[in-house]
Amino acid sequence: MADVRLSGLTKHFGDKAAVEGLELEIHDGEFVVLLGPTGAGKTTTLRLIAGLEHPDAGTVSIAGSDATKLPPAARDVAFVFQQYSLYPHLSVFENLAFPLRSPARRMSEDQLRSKVAQIAKMVRIDHKLDSRATKLSGGEMQRVAIGRALVRDPSIYLMDEPLSSLDAKLRGDLRIELKRIQSELGSTTLYVTHDQIEAMTMADRIGIMADGKLIQIGTPRQIYTAPANIHVAARLGQPAINLFAADLLPGTGIAAGAKTVGARTEHLLIAAASSGNGKVERVEHLGDQNHIHVSVNGQKLTVLASPDNLFKAGDTISIEVRDPLCFDASGNRIANG
Amino acid sequence: MAEIRIEKLRKEFGAFVAVQQSDFVVNDGEFLCLLGPSGCGKTTTLRMIAGLELPSSGKILLGGEDVTFNRARDRDIAFVFQLFALYPHMNVRKNIAFPLLAQGMPSGEIRQRVEEAAKLLRIDHLLDRSVSGLAGGDRQRVALGRAIVRRPKCFLMDEPLGTLDAELRDLMVHELRELHNRIHATTVYVTHDQMEAMSMADKIAVMNHGIIEQYGTPQEIYDRPASMYVADFIGSPPMNFLPTDQTAQGGADKVVIDGAGVAIPRLDQLAGEGGTVLGVRPEHVRLDDNSRLRGSVYATEYLGSTQIIAIDTKAGRVKARTGVDVRLNPGAPVGISFNTPKLSLFDKTSGRAFRLIKGGAHG
Chain R
1 MADVRLSGLT
11 KHFGDKAAVE
21 GLELEIHDGE
31 FVVLLGPTGA
41 GKTTTLRLIA
51 GLEHPDAGTV
61 SIAGSDATKL
71 PPAARDVAFV
81 FQQYSLYPHL
91 SVFENLAFPL
101 RSPARRMSED
111 QLRSKVAQIA
121 KMVRIDHKLD
131 SRATKLSGGE
141 MQRVAIGRAL
151 VRDPSIYLMD
161 EPLSSLDAKL
171 RGDLRIELKR
181 IQSELGSTTL
191 YVTHDQIEAM
201 TMADRIGIMA
211 DGKLIQIGTP
221 RQIYTAPANI
231 HVAARLGQPA
241 INLFAADLLP
251 GTGIAAGAKT
261 VGARTEHLLI
271 AAASSGNGKV
281 ERVEHLGDQN
291 HIHVSVNGQK
301 LTVLASPDNL
311 FKAGDTISIE
321 VRDPLCFDAS
331 GNRIANG
Chain X
1 MAEIRIEKLR
11 KEFGAFVAVQ
21 QSDFVVNDGE
31 FLCLLGPSGC
41 GKTTTLRMIA
51 GLELPSSGKI
61 LLGGEDVTFN
71 RARDRDIAFV
81 FQLFALYPHM
91 NVRKNIAFPL
101 LAQGMPSGEI
111 RQRVEEAAKL
121 LRIDHLLDRS
131 VSGLAGGDRQ
141 RVALGRAIVR
151 RPKCFLMDEP
161 LGTLDAELRD
171 LMVHELRELH
181 NRIHATTVYV
191 THDQMEAMSM
201 ADKIAVMNHG
211 IIEQYGTPQE
221 IYDRPASMYV
231 ADFIGSPPMN
241 FLPTDQTAQG
251 GADKVVIDGA
261 GVAIPRLDQL
271 AGEGGTVLGV
281 RPEHVRLDDN
291 SRLRGSVYAT
301 EYLGSTQIIA
311 IDTKAGRVKA
321 RTGVDVRLNP
331 GAPVGISFNT
341 PKLSLFDKTS
351 GRAFRLIKGG
361 AHG
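First to last, the protein sequences are chains R and X.
Heads up: the first sequence begins at 1 in the numbering used here, then just goes up one per residue.
Heads up: the second sequence begins at 1 in the numbering used here, then just goes up one per residue.
A portion of the hints provided could be inaccurate.
[Stated by the list, open to error] Restricting the straight-line Cα-Cα distance to at most 30 Å, the calculated cross-link-like pairs of lysine-lysine (DSSO-like) are:
no.: 1; chain 1: R; residue 1: LYS128; chain 2: X; residue 2: LYS8
no.: 2; chain 1: X; residue 1: LYS8; chain 2: R; residue 2: LYS279
no.: 3; chain 1: X; residue 1: LYS342; chain 2: X; residue 2: LYS254
no.: 4; chain 1: X; residue 1: LYS59; chain 2: R; residue 2: LYS300
no.: 5; chain 1: X; residue 1: LYS59; chain 2: R; residue 2: LYS169
no.: 6; chain 1: X; residue 1: LYS59; chain 2: R; residue 2: LYS135
no.: 7; chain 1: X; residue 1: LYS59; chain 2: X; residue 2: LYS203
no.: 8; chain 1: R; residue 1: LYS179; chain 2: R; residue 2: LYS213
no.: 9; chain 1: X; residue 1: LYS342; chain 2: R; residue 2: LYS169
no.: 10; chain 1: R; residue 1: LYS300; chain 2: X; residue 2: LYS203
no.: 11; chain 1: R; residue 1: LYS312; chain 2: X; residue 2: LYS59
no.: 12; chain 1: R; residue 1: LYS16; chain 2: R; residue 2: LYS169
no.: 13; chain 1: X; residue 1: LYS203; chain 2: X; residue 2: LYS314
no.: 14; chain 1: X; residue 1: LYS8; chain 2: X; residue 2: LYS348
no.: 15; chain 1: X; residue 1: LYS119; chain 2: R; residue 2: LYS312
no.: 16; chain 1: X; residue 1: LYS342; chain 2: R; residue 2: LYS121
no.: 17; chain 1: R; residue 1: LYS128; chain 2: R; residue 2: LYS115
no.: 18; chain 1: R; residue 1: LYS179; chain 2: R; residue 2: LYS169
[Unchecked claim] Simulated restraints, written as ranges between beta carbons of each label pair:
no.: 19; chain 1: X; residue 1: SER107; chain 2: R; residue 2: ILE334; range: 38 to 44 Å
no.: 20; chain 1: R; residue 1: LEU269; chain 2: X; residue 2: ASP245; range: 27 to 33 Å
no.: 21; chain 1: X; residue 1: GLY331; chain 2: R; residue 2: SER275; range: 36 to 42 Å
no.: 22; chain 1: R; residue 1: ILE334; chain 2: X; residue 2: ASP202; range: 49 to 55 Å
Everything labelled a hint here was simulated from the structure, so no lab data went into it.
Ideal Cβ positions, reconstructed from N, Cα and C, are used throughout, including at glycine.
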């Protein structure tokens, strides 16, 4: 395993900067997730590390040595793509064994069999080793694709939205498995996604990307509870954070100099009150919780409530904030007063 | 707008039965989601309502009129597909106006209708812009504009948000529902995403192998799933299932799981001999040091305002939703107990839910 260091990494496509001046260090054995919308530069970053793109400026160093000019094959990285690409005519076993059969590896058949068996068990596909790849479900195929990356024991894993083509339930299951496998192997992993849940649940550290730049990097708790600015605050949290003018609601903990207040649902208190400041527009039943959509002076806010609450559309309520996130005029977070 | 009534609808493709004997009514102005995995028959059902497939048997009534064998263009519906296709060489106004131009409507009326639709979708400031420069969300709004401008009797939507980024999808889910609240169009919306269905629908029909497993409001389906299939499909993470040590008997108010007694709402019917399974949603699992039901932490998933703790017990893995202040490492031993009134009990063989007498307003 190895650490990865990106320094001043820049890549343009035509006159558009896909990645600009990126500084990022991924420690040995760390799971870093890059989170951002389409076009933020996440995938380009992965491809630069893999050697599938060449940077216009900056360096990629892997395990302490400069890899910027190395061809992909010399970098000892494994790439898992969004769309699993298996060899359809081969069995699961042969798909998993394929990277080990490279003549450069000189692995004995016994070693190979035991390695494949070990990885197949890890990705829970050991019961289907003899099945043809085309006979598998989507989730099984993606597990084989992940297994094929794991079997090689590379220094670094690069994963580009490997779960996004799967249905929600399978995604939830594989999320927890992938994290478990990664921590068992202690593998250095850079994982790209636009799904905040994947980022929050799997990452040791999350890097928030936008417009080719890394905006903030930190543990999920740091990013969630202490976002650097409004952009980062809006990336995490479901329902999305409420952003409004600092004087909209009464309450505590609004910093002096705050222009915008960011209130997650846990920062808002609502109560039935006939002379309140807000009106319930709609109650959304999500099963385990209700989202109460409230308007205050034309501003829409979303508040969480237990499904047993009795609020209904048209109700007048009082709403106030408790120690919300505060942002200055340029959108940067300032400490609570 | 109009009511949609489906009677004994069935569709076979050769030997494969895509839809079996479906019956449901979408009331005038109601938003129904057909929810299920791929291959469950939801899209085939929608295509039959649209007239893009003809049923093998059964009836489709639109506003009381039998349209089962009418051609698609004679049905006065608007179909919104997964991939919104706009005419790239036309501006927003022309894109929205297109269906009316095709009908030969006078230009004054077209102008008025297009502006009205654009206002509803809050894109009236973009009418003279080219569609090729628009952001993803605005492109979706234009495509919706093209559907609503015709003022059809109903809207049929086939995973219209399926290809979007998570953030944009969340935004569009809210916009679609708000649009529905403004125009009250009868809508049938197909999705495999339970969150979309829960967020938007007045009623949900959960489908499985061509059969409607359960039809009800989102909260009913969540709180009282009719089967293990439904309980597992709805909720994120889904309901936990724990097999009981012995088959529960009629009148029982307790089951035994891994040797530990667990109180349940009283079982109101006779169970067979095929075994019973307790169902519990993650938010109704409590960490409880005093409980005899024990397990060890497998993993924790931090979600910001809550976290999910996966606990391996002898009866299987249980996921609990807790506050974020609880800090547990993998391997930590824990006890768990449940919020009794919220439990479900299923027949292990058929997967069907048993009737339980809950000590509250719920039946």
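Going through the hints against the structure:
Pair hint LYS128(R) plus LYS8(X) does not hold up; C-alpha atoms about 40 Å apart against a cutoff of 30 Å. Pair hint LYS8(X) plus LYS279(R) does not hold up; C-alpha atoms about 43 Å apart against a cutoff of 30 Å. Among the hinted pairs, LYS342(X) with LYS254(X) is consistent with the structure: their alpha-carbon atoms are about 14 Å apart, no more than 30 Å. About 43 Å separates the Cα atoms of LYS59(X) and LYS300(R), which puts this hinted pair outside 30 Å; it is violated.
For a cut-off of 30 Å, the pair hint linking LYS59(X) to LYS169(R) is broken: about 34 Å separates their Cα positions. Our distance criterion of 30 Å between C-alpha atoms is broken by LYS59(X) and LYS135(R), whose separation comes to about 37 Å. Proximity of LYS59(X) to LYS203(X) is assessed by CA-CA distance (about 21 Å); at most 30 Å being required, the pair is judged to hold. Distance hint between LYS179(R) and LYS213(R) is fulfilled; the C-alpha atoms sit about 26 Å from each other, no more than 30 Å.
Restraint check: the Cα-Cα separation between LYS342(X) and LYS169(R) comes to about 22 Å, which is no more than 30 Å; the hinted pair holds. Taking the CA atoms of LYS300(R) and LYS203(X), the gap is about 25 Å. The hint holds against a cut of 30 Å. Straight-line distance between C-alpha atoms of LYS312(R) and LYS59(X) comes to about 37 Å, which puts the hinted pair past the 30 Å bound. Our distance criterion of 30 Å between C-alpha atoms is broken by LYS16(R) and LYS169(R), whose separation comes to about 37 Å.
This hinted pair does not check out: LYS203(X) and LYS314(X) have alpha carbons roughly 37 Å apart, beyond 30 Å. Restraint check for LYS8(X) and LYS348(X): the C-alpha separation of about 29 Å stays at or below 30 Å, so the hint holds. Note on LYS119(X) and LYS312(R): the hinted pairing holds, with a Cα-Cα distance of about 27 Å set against a maximum of 30 Å. For the given pair, LYS342(X) sits about 36 Å from LYS121(R) by alpha-carbon distance, which is inconsistent with the 30 Å threshold.
With a C-alpha separation of about 16 Å, the suggested pairing of LYS128(R) with LYS115(R) holds against the 30 Å cut-off. Between LYS179(R) and LYS169(R) the CA atoms are separated by roughly 16 Å; this keeps the pair inside 30 Å, and the hint holds. With their beta carbons about 55 Å apart, SER107(X) and ILE334(R) fall outside the hinted range of 38 to 44 Å. Checked against the hint of 27 to 33 Å, the pair LEU269(R) and ASP245(X) fails, with Cβ atoms roughly 44 Å apart.
As the Cβ distance of GLY331(X) to SER275(R) is approximately 53 Å, the hint placing it in 36 to 42 Å is violated. A beta carbon spacing of about 43 Å between ILE334(R) and ASP202(X) contradicts the range 49 to 55 Å that was offered as a hint.
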